[in-house]
Amino acid sequence: MARILVIDDNADLLQMIRTILESRGKHEVILSAEGQDGLAKAKAAPPDLAIVDVMMPGMTGYEVCRRMRADPATSHVPIIILTARGQEVDRQAALDAGADLYLSKPVTMAELQQHVDDLLARAPRPEAPGGVMALLSLRGGVGVTTLAVNLAATLVRQGEQVCLLDLCPASGNAALQLGLRPDPNWSALALLGTPPGSATIGTYLLNHSSGLRLLAAPFVPIVGDGLPRETVLAAISALQQNFAALVIDLPSALNDVTMAVLDQADIIGLVLTADPPAIQATVGTLQALKPFASKVRIILNQVVPGPSSSAQALQRVLRQPVNGVVPFDPAQAQALARGQPLALFSPTSPLAQAVAGLIPSLRASQGRPAVV
Amino acid sequence: MEVQESGYLAADFFTHSYRISGHVDVRRRALADILNDQTSNFIPLEDAYISPIDRPGEIIATYSASNLVKSNLTVIVVSQSNDALPRKHTYGSYYGTFLHKIFLTVPGFEVVGYLRLSSNLDLRRVLTTGTDEFIAVLDGRVRNSLRPDVTFTGGGVLVNKRHIGALCMAEEE
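So the protein sequences, as listed, match chains C and G.
Heads up: take any position in the first sequence, counting from 1, add 9, and you land on the working numbering.
Mapping of the second sequence onto the working numbering: position 139 corresponds to residue 128, and the numbering continues sequentially without gaps.
Here chain C stands alone, though its shape is the one from the complex:
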C-alpha cells in the first residue's frame, strides 16, 4: 500500500480517483483541490506518489511539479501529470517541469491504475524505515540534540514507531527538550550484569504523549565512560526488534562506543554550523569516518540568527554534498524552555519544516543529487 497525493481542482475527479485507488489499489489517498495546499500536504508528509492536474486556479501543475522537485522533502516523489492539455508540447512541458509520467485526459481508470502501479514499482524509493539514524558532531553547541529530538518527533508524526536514544553522558538533554523527567534513564543499565534484552530495555524507556519513546541520559553528568560498548550494542539490537526507527543522539567524541554505534547505524547525520571551528571539526570527522563514507549525510544547522550560510560554499570546502540545511528558528529557544519540540507543537515552523524535509534526503541512497 502506498500513500498517493492527488491534486486536482475538480472535486468529482478527486473523489473518483480516490475511490478507485483506495478500493482497487488499496492505496491511501490524500486529496487536495489546489496547488499551494497540495504542496503543503506533500511537504508535511511526503507521499509515495503524486498525481497532479495542470490546469488549476492559482498555481499550475507545472509549478507544483517544479516546487516539489526543488524541495528536499519532496524531490524524490514520483509525479504523474494528468491533464486535459494533451499535446506533444504539453508532454514536453510536463517532463521539463520534472514529472515522471504524463497522461492526457481522458484516461481510463484501469490505465491510470496501471501507470500508478508501474511508477510505484520502479520509483527510486527512500530506504525502508527501520533504520538506525545516528546524529553526531565533534563540536558541541551545533544543535545535535535539537535535531535528534525533532527528527524523532517528525518520524512519529509521520506514523512510524520511533525510539530516541540519548547517549550523551555529559550533556544529554533530550528528555528536557521533550518536557520529560529523565527517570528512569540508561545509567542503571550500566549496573546490569548482562546485556539488556528486549523486555528489560522496555522498562527503561520514557513515554512521550506523542507516542515517541526515549531512552534518556542521566540528568547528572556521568563521571567516566558511560555505558559499556556491549551494553549499548545490545540495547540497540533489542530496540530494533520493537521500533521501526531508532534515532541516536551521540556524544561529541569518537570513542569505542560511538564508533560501534556508527558501525551499526544505517545513516550517520554529521551536524555542523557554518563557523570555522565546526567546519574544521567536520573536515576531521569526515576523515575519521571514511570507512562509513557511504552512510554519512551532512546537515548544516544554523543555530544563530543572521544571513543564511552558503551550502554550496560549504560543499566546496568539505568536498561532500550538503544533504540538508536547517535554518535558524527564533521559536526554538521557547520550545526548549517549554519542553515542547517544534516538530510536534509547531509543525509549520521553519525548523520543523526543514527537519521534515531532511528525512527523505537522509534516507535517500548515496549518489542521489545533493539537496541544498
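Keep in mind that the hints are not guaranteed to be accurate.
Between beta-carbon pairs, the in silico distance windows are [to be verified]:
hint : chain 1 : residue 1 : chain 2 : residue 2 : range
1    : G       : Asn61     : C       : Met10     : 49 to 55 Å
2    : C       : Ala20     : G       : Leu135    : 58 to 64 Å
3    : C       : Asp21     : G       : Asn56     : 24 to 30 Å
4    : G       : Leu106    : C       : Gly67     : 51 to 57 Å
5    : G       : Asp121    : C       : Gln167    : 56 to 62 Å
6    : C       : Ala340    : G       : Asn56     : 45 to 51 Å
7    : G       : Pro41     : C       : Ala79     : 21 to 27 Å
8    : G       : Ile49     : C       : Gly315    : 33 to 39 Å
9    : C       : Pro336    : G       : Ser29     : 54 to 60 Å
10   : G       : Gly154    : C       : Ala322    : 38 to 44 Å
11   : G       : Ile49     : C       : Ser319    : 31 to 37 Å
Which chain G residues face chain C? A few, computed with CB under 8 Å, are given here [claimed, not checked]:
hint : residue
12   : Ala(-1)
13   : Asp36
14   : Pro45
15   : Gly46
16   : Glu47
17   : Ile48
18   : Thr51
19   : Ser68
20   : Asn71
21   : Phe92
22   : Thr94
23   : Val139
Covered by chain G, according to a simulated footprint, are these stretches of chain C (three or more residues, beta-carbon under 8 Å) [to be verified]:
hint : region
24   : 60 to 74
25   : 89 to 98
26   : 111 to 120
Derived from the structure by calculation, the hints contain no laboratory data.
Idealized CB from N, CA, C, for every residue including glycine.
Using the hints provided, position chain G relative to the given structure of chain C.
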C-alpha cells in the same frame, strides 16, 4: 470509467498569437453548435490557460472565466472527433459517410485532416454552402507555420472558414 471533466469539454483555442486552453460547458449544446450560433459573437470559457504561440507549452496566465471572440479564433482542437461535430451529426448519424483528406491554411497554421461529407468533395461548396462559420476537420493535425516542429493533433479540429487562405484536396496516402 474515464477520468475527465463531466459536462465540460477541454479544448485548445488558437488565435493568431495565442493558444488558450480551457473548458466549455457542453451540457446543452455541442461545441460546434456554440461556435456556429449566429446570435452570439463570443464563447464563454471556464478556466482559461494562456500560452504564447511560440511557447505553446508554457502557461503565462490563468483566468477563471473569459470570453473568446469567435471571429478572431482561427482553429480549435479537441481530442475526440465527436466533440468537433454538431450534435445533429453525432450519435450514430448517417450524415457524411465519405471522408475526404484535405489540407488548408489559416494565418499561422497549416491543417491536415479529413472532411466528413455526404457526397464527393467540392472545394468551392465547402467554403460557400451553409451559414456555419466553423467546419470540422477530423483526425486533424495543426502545424505552426513558423515553427514546423510544433504541432497539435486532435480527433477534431474546428476551423474558422473566414480565416482559410487555401483549401486543398490532399492525396490519400
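Checked hints:
Between Asn61(G) and Met10(C) the Cβ separation comes to about 51 Å, which falls inside the hinted range of 49 to 55 Å. At about 40 Å, the CB distance of Ala20(C) to Leu135(G) disagrees with the hint of 58 to 64 Å. Evaluation of the 24 to 30 Å hint for Asp21(C) and Asn56(G) yields a pass: the beta carbon distance comes to about 25 Å. For Leu106(G) and Gly67(C), the hinted distance range of 51 to 57 Å is not satisfied, since their beta carbons lie about 45 Å from each other.
For the hinted restraint 56 to 62 Å between Asp121(G) and Gln167(C), the CB-CB distance of approximately 59 Å keeps it satisfied. The supplied range of 45 to 51 Å is met by Ala340(C) and Asn56(G), whose beta-carbon atoms lie about 49 Å from each other. Checking the proposed 21 to 27 Å range against Pro41(G) and Ala79(C) shows it holds: the Cβ atoms sit about 25 Å from each other. The supplied range of 33 to 39 Å is met by Ile49(G) and Gly315(C), whose beta-carbon atoms lie about 38 Å from each other.
At about 55 Å, the CB distance of Pro336(C) to Ser29(G) agrees with the hint of 54 to 60 Å. A hinted range of 38 to 44 Å for the beta carbons of Gly154(G) and Ala322(C) is inconsistent with their spacing of about 59 Å. Range check, Ile49(G) to Ser319(C): about 32 Å between beta-carbon atoms, so the 31 to 37 Å window is met. A least Cβ separation of about 3 Å between Ala(-1)(G) and chain C falls short of the 8 Å threshold, and the interface hint therefore holds.
Hint status for Asp36(G) relative to chain C: holds, with the closest Cβ pair at about 6 Å, below 8 Å. Taking 8 Å as the C-beta contact cut-off toward chain C, the hint placing Pro45(G) at the interface holds, the least distance being around 5 Å. For Gly46(G), the interface hint holds, since its Cβ comes within 8 Å of a Cβ in chain C; the closest pair sits about 3 Å apart. Given hint, Glu47(G) at the interface with chain C, holds; its Cβ is 7 Å from that chain's nearest Cβ, closer than 8 Å.
Using the Cβ-Cβ criterion of 8 Å, the hint placing Ile48(G) at the interface with chain C is satisfied: the shortest such distance is roughly 5 Å. The restraint placing Thr51(G) at the interface with chain C holds, with a minimum CB-CB distance near 7 Å, inside the 8 Å limit. Given the 8 Å rule on beta carbons, the hint for Ser68(G) holds: about 6 Å separates it from the nearest Cβ of chain C. For Asn71(G), the shortest C-beta to C-beta distance to chain C is roughly 12 Å, which exceeds 8 Å, and the interface hint is violated.
Because the beta carbon of Phe92(G) sits about 20 Å from the nearest beta carbon in chain C, more than 8 Å, this interface hint is broken. Contact between Thr94(G) and chain C, as hinted, is not supported at the beta carbon level, the nearest pair being about 20 Å apart and thus beyond 8 Å. Taking 8 Å as the C-beta cut-off, the interface hint given for Val139(G) holds, the closest approach to chain C being about 6 Å. For the region 60 to 74 of chain C, the stated coverage by chain G is satisfied: 6 residues place a CB nearer than 8 Å to a CB of that chain, which reaches the threshold of 3.
Residue count for the region 89 to 98 of chain C with a Cβ under 8 Å from a Cβ of chain G: 7. That meets the three needed, and the coverage hint holds. Taking a C-beta to C-beta cut-off of 8 Å, the region 111 to 120 of chain C contributes 6 residues in contact with chain G, enough for the three needed, and the coverage statement holds.
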